[in-house]
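Protein chains: 4
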Amino acid sequence: MSGNTFGKIFTLTTFGESHGEALGGIIDGCPSGITLDFNAIHRELQRRKPGQSAIVTQRKEEDEVQFLSGIYKGITTGTPIGFIVKNNGQKSDDYSEYETIFRPSHADYVYQQKYGVRDYRGGGRSSARETVSRVVAGAIAKQIIPNISITAFVSSVGPIFINKPYQDLDFSKIETNNVRCPDLETASKMEEKIKEIRKQGDTIGGTITCVIQNVPIGLGEPVFDKLQALLAQAMLSINAVKGFEYGSGFCGAQMKGSEHNDLYNHNGTTKTNLSGGIQGGISNGMDIYFRVAFKPVATLMQEQDYLTQDGKIITQKGKGRHDPCVVPRAVPIVEAMAALVIADLYLQQKAKSKY
Amino acid sequence: MSGNTFGKIFTLTTFGESHGEALGGIIDGCPSGITLDFNAIHRELQRRKPGQSAIVTQRKEEDEVQFLSGIYKGITTGTPIGFIVKNNGQKSDDYSEYETIFRPSHADYVYQQKYGVRDYRGGGRSSARETVSRVVAGAIAKQIIPNISITAFVSSVGPIFINKPYQDLDFSKIETNNVRCPDLETASKMEEKIKEIRKQGDTIGGTITCVIQNVPIGLGEPVFDKLQALLAQAMLSINAVKGFEYGSGFCGAQMKGSEHNDLYNHNGTTKTNLSGGIQGGISNGMDIYFRVAFKPVATLMQEQDYLTQDGKIITQKGKGRHDPCVVPRAVPIVEAMAALVIADLYLQQKAKSKY
Amino acid sequence: MSGNTFGKIFTLTTFGESHGEALGGIIDGCPSGITLDFNAIHRELQRRKPGQSAIVTQRKEEDEVQFLSGIYKGITTGTPIGFIVKNNGQKSDDYSEYETIFRPSHADYVYQQKYGVRDYRGGGRSSARETVSRVVAGAIAKQIIPNISITAFVSSVGPIFINKPYQDLDFSKIETNNVRCPDLETASKMEEKIKEIRKQGDTIGGTITCVIQNVPIGLGEPVFDKLQALLAQAMLSINAVKGFEYGSGFCGAQMKGSEHNDLYNHNGTTKTNLSGGIQGGISNGMDIYFRVAFKPVATLMQEQDYLTQDGKIITQKGKGRHDPCVVPRAVPIVEAMAALVIADLYLQQKAKSKY
Amino acid sequence: MSGNTFGKIFTLTTFGESHGEALGGIIDGCPSGITLDFNAIHRELQRRKPGQSAIVTQRKEEDEVQFLSGIYKGITTGTPIGFIVKNNGQKSDDYSEYETIFRPSHADYVYQQKYGVRDYRGGGRSSARETVSRVVAGAIAKQIIPNISITAFVSSVGPIFINKPYQDLDFSKIETNNVRCPDLETASKMEEKIKEIRKQGDTIGGTITCVIQNVPIGLGEPVFDKLQALLAQAMLSINAVKGFEYGSGFCGAQMKGSEHNDLYNHNGTTKTNLSGGIQGGISNGMDIYFRVAFKPVATLMQEQDYLTQDGKIITQKGKGRHDPCVVPRAVPIVEAMAALVIADLYLQQKAKSKY
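Residue numbers (my numbering), protein chains in the order written: chain Y, 1 to 355; chain B, 1 to 355; chain A, 1 to 355; chain L, 1 to 355.
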């Protein structure tokens with residue numbers, strides 16, 4: 001199987017370049033008989049959309065999904081769900097000069113080396129615009145897992161962190177601010193930071209934390225498709241992601257076993273949850289939580305050195321409309337990828353559970 | 001495809017429980033005509049083997065691999081390589097009491113919940129002994145990628161870190177000490193720490209850093225099989241791993257774009273390498289480096305609360321011979337999994353490269 | 001992987017129902033740098049199109065393919081090729097009565113039983129219209145295998161057979177007649193037969209023979225992905241196909257070894273080719289040839305008994321415009337599926353061949 | 001996924017050469033909690049074993065399977081089932097001369113061309129001995145599908161056919177004779193034929209018919225994993241198979257729609273079953289039946305021309321102990337492969353069925 005498919009039973013295959021006619025995908029393996037909530041799908045697309053607030057790119061993308069198959073009278077039929085999202089707002093001429101130059105820390109150079117040819121407009125296939133298809137599929141994936149709750153939020157922007165465990169946060173506040181941070185005081189500091197960075201023509205990284213609640217016990221397929229292994233693959237497949245940790249994460253590496261072990265309650269739940277809801281690669285019914293690191297956006301509104309195809313270095317300033325901080329817009333993408341992992345493992349477990 | 005297979009062209013499927021008759025696997029898709037270096041395979045198994053030094057478990061495992069097919073007169077034939085590693089040193093009676101109790105932060109409970117039945121001896125399938133098959137396959141994978149160099153080492157034990165970039169380390173020192181740390185001063189502090197922890201009947205976590213050199217440009221299959229995404233899956237599939245970061249990693253999330261971007265040299269290499277050798281999911285020819293976090297071993301030689309199958313909490317002390325710190329022995333496992341990822345992507349790139 | 005994907009490296013995933021907005025697919029794993037011959041793709045679609053002659057359905061389908069990604073300035077970029085074919089000519093109201101009745105020897109009943117819900121218009125997903133996506137992908141697959149020649153033709157209609165080995169036929173005559181039979185005398189008998197059958201409001205089956213020439217030695221992946229095994233899967237996945245045989249086929253089962261063995265020439269070719277170009281699952285460089293059996297179309301322009309959803313039997317006559325014999329139109333579909341098999345195995349062999 | 005794995009959820013990966021130390025495989029995805037009937041597994045191996053009667057090869061193979069994992073106290077644990085079958089009775093020196101010569105209609109030549117190196121002893125990987133692993137896995141697969149009945153028998157040997165529909169046969173007679181033909185009169189003619197052929201130092205082909213009863217409605221995953229498409233792949237992956245047909249098969253290609261359509265009864269069953277229990281790629285609850293053609297064994301006890309590695313033709317007589325007719329021994333292999341197909345589709349349907 002080639003690299004544009006994710007999942008084994010509930011699968012998503014995507015296609016599309018930033019400035020092609022459309023992006024889209026095929027969801028195969030979606031169970032039949034599900035009355036889809038199209039508003040929920042639309043809502044997720046709106047959350048991912050550029051141009052939502054003063055701190056993100058002002059580029060306009062319509063991002064209306066068009067379903068072409070697999071759904072009849074609003075109900076999934078069990079056949080593959082084909083969908084497209086048209087690229088209306090793109091201006092190709094903005095990018096023509098990128099045919100022969102390679103931007104630093106972009107994929108331009110490696111695509112040229114790997115494929116010998118590339119659609120250089122707006123990053124082509126390597127553009128984060130590709131994630132629009134993941135958001136569509138994730139929004140459907142969420143609807144096949146009963147009672148699941150998947151919530152992501154911005155937990156840091158540059159040096160500014162939320163200093164509370166997720167249990168002390170009010171998730172209903174996430175969508176009330178531009179950075180999608182549930183701690184409002186921190187949120188406003190983050191927003192200030194992003195504005196300051198943008199004034200400098202610079203960009204900044206950040207982290208997203210994701211919490212998955214009401215996960216049935218038993219999801220995950222050891223030894224290679226452990227739940228955390230698939231979450232890690234899913235997250236690292238998102239543009240600009242540099243790291244993943246779950247439960248105690250990198251902090252756990254500094255701890256002693258006597259501090260780290262989660263002791264049981266009588267009913268099989270645990271008193272603490274440094275394990276992050278997963279043991280031996282299998283969900284244990286506790287909250288799953290993980291953190292994802294995003295590097296700063298590579299396109300700067302400052303002068304930088306670029307490489308040309310004939311081996312010269314030229315100095316240039318980034319063009320177009322870009323996010324100074326991509327992290328707020330990545331929140332629905334993290335949720336979508338988590339949903340794809342859980343949905344697929346949920347169906348696998350259904351297949352093999354005792355009968 | 002079920003969860004015990006890794007890879008798409010060069011694939012490893014493993015089987016085996018800690019206390020069954022044997023563990024093993026099948027490597028399918030290995031190119032023909034490769035004269036195998038069996039000493040190299042043996043050496044890797046020795047590195048993973050328990051009982052190598054005073055700071056690791058004194059449990060004895062022979063760990064001799066027996067190849068059953070796919071190799072004729074020392075040369076790979078292109079047919080599947082079946083192999084087994086017998087479980088000689090196991091004493092099953094040590095574990096009989098674990099039939100009805102669940103150890104904290106072990107996989108006992110979730111296996112029972114997921115499968116309804118389990119081989120409880122020594123962790124069964126969830127035992128780290130399963131990684132012996134990965135080491136065999138990794139040692140073969142390394143031999144199919146020309147010039148590749150994959151080097152892992154212990155970069156922290158609990159609070160003790162190497163405070164140097166990997167470029168300043170002498171990799172030839174890694175195997176000269178029990179903790180597999182190339183910085184000898186730090187190594188001896190780590191060793192002290194582990195001894196101290198063992199005296200307490202406790203355990204401790206740590207991190208491993210891995211550096212892959214001489215990687216051809218162009219490996220990685222966007223968008224879901226990005227090189228870093230598969231490395232992340234591979235690492236998080238190893239027992240006790242809690243986190244993965246590559247290049248700038250979580251630190252990158254605190255940086256500005258103007259600090260983080262890697263500027264080009266005329267020949268396409270970069271002056272810095274915060275990208276960690278990967279752009280847009282594809283190797284760019286620079287060193288790939290990443291870091292993996294391991295939690296402390298869950299079995300303690302102290303009293304702890306265990307859950308029984310009928311919902312009681314009992315107090316007990318761990319039995320058997322266990323590592324106070326698993327990280328030194330995990331070094332060859334990290335290398336093996338990295339080799340599996342690179343070998344598979346190398347063959348995929350061969351398939352699709354221009355002809 | 002769910003059931004709408006074919007192939008392992010060069011993969012096709014399809015979606016679409018007969019009367020939905022569009023059908024289409026994603027080709028993933030196509031090598032980059034191929035200058036596509038779009039006329040060749042168009043030509044194949046025209047061959048599959050209904051309404052081409054007096055003996056096939058007069059239903060009109062435009063069948064224009066629209067490529068959405070993976071191709072830039074006419075050259076493949078190595079990224080997934082998304083494409084759609086719109087359903088313009090469909091009239092949904094023709095089919096509304098099929099919501100609650102099941103036609104004999106159609107998929108209506110099993111789709112209802114399997115999925116609980118179905119798009120009943122025109123057969124929905126089970127319609128042969130789905131093969132339009134295969135023809136698009138097959139036309140691209142042919143272009144990645146150097147020098148390959150894949151030629152299918154109608155070798156029988158009902159009781160009327162070509163009584164010559166394929167070596168005695170002039171393939172350039174295939175497209176000169178409505179039944180796509182290279183033997184013109186037989187072709188006109190077949191055409192008469194089909195006209196006669198149509199007058200009766202009946203339908204008739206037939207066979208297609210396919211010959212693949214200039215296949216490199218070494219394609220096929222034993223033991224389960226033998227070349228003939230994948231061809232068999234590919235052919236049996238086409239609507240209405242009931243059988244597959246290659247080389248000596250079912251006749252071979254009546255022969256003695258001394259009659260059946262193909263003796264070698266000095267250069268490794270064989271004097272005879274009862275093996276059909278494949279030994280042990282691997283192409284041997286001789287012509288590959290196979291035969292595919294199609295049942296008669298199930299929709300009759302006569303009265304027949306139908307089952308209703310509430311268990312009644314009603315008598316009714318088929319509606320719409322249907323082929324009395326589907327075999328001539330299936331010729332390009334057989335070729336397309338053969339091309340998909342060969343292209344995928346060709347890339348697999350490239351991956352694993354010695355370097 | 002490489003070519004030695006079959007299935008998507010219930011998967012079998014096999015390894016092993018004819019004269020290596022052992023053959024074996026890994027069954028992954030087998031549900032947990034199944035109390036295995038080991039006698040049933042043993043019985044199937046006995047049926048496949050050489051040397052069972054006067055009409056098959058007198059070569060001795062012990063064919064004892066040894067399970068290494070995935071089963072604890074006789075119950076499947078849901079973890080991969082590793083198994084081996086040792087090659088005890090092989091004498092390698094018998095085959096040493098085959099290093100540099102290629103037997104006609106054997107896989108020797110193509111293996112040499114594809115892989116550049118081969119284990120030439122007894123056919124190596126291309127030997128039918130490989131099917132021993134399939135029989136083990138098939139015997140387990142049968143045990144996970146409730147009530148299923150899979151029965152294969154020899155329906156023709158050379159020109160001698162059973163001239164009755166399968167419904168008129170007494171399946172309990174299959175194992176009462178050496179050719180595994182339920183019609184005893186035909187059986188004795190077949191046996192005579194095989195003895196006559198053996199006296200000539202020749203071999204002969206034949207066909208096997210397989211009937212699958214009590215299949216749940218709804219198995220099969222259109223469009224590429226249609227039930228008949230996977231059965232076809234499975235059958236054509238067996239050594240010496242040249243053709244597959246199901247239901248009306250090649251005869252159906254000569255029929256009219258008015259003769260071929262299966263009319264419904266009120267309860268959804270059909271009055272006739274030319275469809276062979278499958279519509280649109282999905283089981284409809286009626287009997288599934290299909291027929292498989294086997295070519296005559298290529299090794300003859302007569303003089304024949306062989307090709308040498310340096311391009312000479314030499315005359316030689318086959319050596320070793322070989323079946324004059326392989327068809328009786330292939331009966332359990334056909335059943336095993338059918339069981340693998342059904343088991344995998346059964347689990348896939350469980351995954352996606354409504355909840």
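Don't read these hints as lab results, they were simulated from the structure. Just so we're clear, the structure is a prediction, and the values are computed from it rather than from any experiment. Accuracy of the hints is not assured; some may be wrong.
Because identical chains cannot be distinguished in the list, a pair is counted as satisfied if it fits within a single copy or across any two copies.
Unchecked claim - With a cut-off of at most 20 Å between alpha-carbon atoms, the simulated EDC-like pairs for lysine to aspartate or glutamate come out as follows: (1) Lys-73 to Glu-21; (2) Lys-312 to Asp-37; (3) Lys-86 to Asp-170; (4) Lys-86 to Glu-64; (5) Lys-199 to Glu-259; (6) Lys-86 to Asp-287; (7) Lys-199 to Glu-99; (8) Lys-319 to Asp-168; (9) Lys-271 to Asp-305; (10) Lys-319 to Asp-287; (11) Lys-312 to Glu-62; (12) Lys-317 to Glu-64; (13) Lys-86 to Glu-21; (14) Lys-86 to Glu-175; (15) Lys-256 to Glu-64; (16) Lys-49 to Glu-185; (17) Lys-73 to Glu-175; (18) Lys-312 to Asp-168; (19) Lys-317 to Asp-170; (20) Lys-164 to Asp-287; (21) Lys-199 to Asp-170; (22) Lys-199 to Glu-303; (23) Lys-256 to Glu-303.
Verification of the supplied hints:
{"no.": "1", "hint": "Lys-73 to Glu-21", "in the structure": "between (27 Å within a copy, 13 Å between copies)"}
{"no.": "2", "hint": "Lys-312 to Asp-37", "in the structure": "neither (53 Å within a copy, 35 Å between copies)"}
{"no.": "3", "hint": "Lys-86 to Asp-170", "in the structure": "neither (36 Å within a copy, 47 Å between copies)"}
{"no.": "4", "hint": "Lys-86 to Glu-64", "in the structure": "both (7 Å within a copy, 18 Å between copies)"}
{"no.": "5", "hint": "Lys-199 to Glu-259", "in the structure": "between (45 Å within a copy, 16 Å between copies)"}
{"no.": "6", "hint": "Lys-86 to Asp-287", "in the structure": "neither (37 Å within a copy, 38 Å between copies)"}
{"no.": "7", "hint": "Lys-199 to Glu-99", "in the structure": "neither (29 Å within a copy, 61 Å between copies)"}
{"no.": "8", "hint": "Lys-319 to Asp-168", "in the structure": "neither (41 Å within a copy, 38 Å between copies)"}
{"no.": "9", "hint": "Lys-271 to Asp-305", "in the structure": "between (53 Å within a copy, 11 Å between copies)"}
{"no.": "10", "hint": "Lys-319 to Asp-287", "in the structure": "neither (42 Å within a copy, 30 Å between copies)"}
{"no.": "11", "hint": "Lys-312 to Glu-62", "in the structure": "neither (38 Å within a copy, 50 Å between copies)"}
{"no.": "12", "hint": "Lys-317 to Glu-64", "in the structure": "neither (32 Å within a copy, 42 Å between copies)"}
{"no.": "13", "hint": "Lys-86 to Glu-21", "in the structure": "both (6 Å within a copy, 15 Å between copies)"}
{"no.": "14", "hint": "Lys-86 to Glu-175", "in the structure": "neither (26 Å within a copy, 38 Å between copies)"}
{"no.": "15", "hint": "Lys-256 to Glu-64", "in the structure": "neither (50 Å within a copy, 33 Å between copies)"}
{"no.": "16", "hint": "Lys-49 to Glu-185", "in the structure": "neither (25 Å within a copy, 52 Å between copies)"}
{"no.": "17", "hint": "Lys-73 to Glu-175", "in the structure": "neither (31 Å within a copy, 42 Å between copies)"}
{"no.": "18", "hint": "Lys-312 to Asp-168", "in the structure": "neither (53 Å within a copy, 30 Å between copies)"}
{"no.": "19", "hint": "Lys-317 to Asp-170", "in the structure": "neither (40 Å within a copy, 40 Å between copies)"}
{"no.": "20", "hint": "Lys-164 to Asp-287", "in the structure": "within (16 Å within a copy, 36 Å between copies)"}
{"no.": "21", "hint": "Lys-199 to Asp-170", "in the structure": "neither (31 Å within a copy, 43 Å between copies)"}
{"no.": "22", "hint": "Lys-199 to Glu-303", "in the structure": "within (14 Å within a copy, 58 Å between copies)"}
{"no.": "23", "hint": "Lys-256 to Glu-303", "in the structure": "between (48 Å within a copy, 14 Å between copies)"}
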